[in-house]
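Produce the complete structure using the sequences and hints provided.
Okay, here's what each chain looks like letter by letter:
Number of protein chains: 2
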Amino acid sequence: MKYVITIGREYGSGGRFIGKLLAERMNIPFYDEALLTKAAQESGLSEAVFKNFDEQKEGLFSSGMGMYSYDMSLGQKVFLAQFDAIKKIANVESCVIVGRCADYVLRDYENVINVFICAPMEDKIKRAVTYYGLKENKAQSEITKRNKKRRSYYNFYTDKEWGKASNYDLCINSRIGIEHCVDAIEAYVKSIFKIK
Amino acid sequence: MKYVITIGREYGSGGRFIGKLLAERMNIPFYDEALLTKAAQESGLSEAVFKNFDEQKEGLFSSGMGMYSYDMSLGQKVFLAQFDAIKKIANVESCVIVGRCADYVLRDYENVINVFICAPMEDKIKRAVTYYGLKENKAQSEITKRNKKRRSYYNFYTDKEWGKASNYDLCINSRIGIEHCVDAIEAYVKSIFKIK
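Protein chains in written order, with my numbering: chain A, 1 to 196; chain B, 1001 to 1196.
Keeping only pairs whose Cα atoms sit at most 20 Å apart, straight-line, the calculated SDA-like set for lysine to any residue is: (1) A:Lys-160 to B:Lys-1164; (2) B:Lys-1148 to B:Tyr-1011; (3) B:Lys-1196 to A:Asp-183.
Far from chain A by the CB rule (all over 12 Å, computed), these chain B residues: (4) Gln-1076; (5) Lys-1088; (6) Val-1092; (7) Glu-1093; (8) Ser-1094; (9) Tyr-1104; (10) Tyr-1109; (11) Ile-1125; (12) Gly-1133; (13) Lys-1149; (14) Tyr-1153.
Since the hints were made in silico from the structure, they are not lab data.
Cβ coordinates follow ideal geometry from the N, Cα and C atoms, glycine included.
Below, the structure written as C-alpha cells:
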C-alpha cells in the first residue's frame, strides 16, 4: 500500500533529520532538497534557476510579501514546479517529504499523514549552533527570523496556519529526543496503515 | 519510575476517551471528574460547592472574563483546589490527567508528557451528537462555543496558548481513529520512559 508522510518543521527542531531517520526505518525514499532537483528536471525550469532562487530566497518576503516583485515571480514558478513534483512523487511511491507545504499540496490525496516538528528555543539554538554553524549570540534572532519566514511562506501558499495542532495529524516536540519522535511517528504510521 | 501524562483536548475530539484507554494500556490511574472530588476532599471545600460550581461554569466567562464576579471567586477557589490536587496526585503516582490545565500546573515536574488531542469539525459533530446528545443542527455552534471556553480558560490560567503545537510534547488529530492515537501515545511514552 502506498502512503506519504509529510513533515513540516520549525527551523532548528531537527525535523529534517527525524524525517530522514523515519524514512530509513520505514524503508521508503526521503525528499527534501532532492525535490528541488526533481522539480527542476520535470518542470523544464533549469537547475540554474533553482539554484539562483535558493540563494535569493532570503529576501523573498523582505518587502512585504513581495508579491509583484521579480523575486516572487521567480519564486512562484519554482514553488509551482515543486508542487507538481510532490504530486508526481506521491502518485508513484510511498515516501517522506520534508517542507514545501507538501501537506497542503497533497490535501486531496489518500493515505497522507501530516506531521509537524517543533522544539523549545534553547534546543533550537543548540542545534543551529552545532549543526548549522550559527554564532551563539546571533542564533536566537536568526532562528526567529527563519521561522517567521517559514510561517509566512506556509500561510501564504496554503489556507492553513503553520504550527497549529489542528492543522496536522501529529505534532511532536523534539525536546524529549529525536529517537523518541521517530519511535512515535513510526508506531503511529504503522498503526494506521497496518504495517507490521 | 513515576510519570504523568496530561491530556488537553478539544471538546468532541475523543481526548477524554483516548486518555482512559491509554491509562488502561499503561495500567495507571486515570483522572478527570474524579479530580474534582479528590480536590474537594483534600481542600476542605465541600463537594456541594464543587457541584454548584460545575453547574454554574457555563456562565463563568460570560461577562468578559468575569474576573471580579462572585462566580469567578468561587471558580478560582475550585481551580486552585484542583491545581493542588493535581500536584498531590503527581507526587505520589503515575497517572493520566485530562484537562484542568494539568500541563501548566505540573510545568516544573519531571517526567511529565503533555498531549493535546484535536479533530476535524465533522468528527467533533458526529461524536457530540452520538455520545453527548447534542442536536445535529446546533452541534457545530455548541462545539465552537465550548472550545472557545476551553481556550479562554486555559489561556487565562496559564501563560501558554491552547492548541498550539509548540506548547505540547505530542498533538494528535483523532480523525484517523482513536485506537491509532492511543497506539502512538503509548509508543511515545514507552520510548521516552524505557517501559517495555
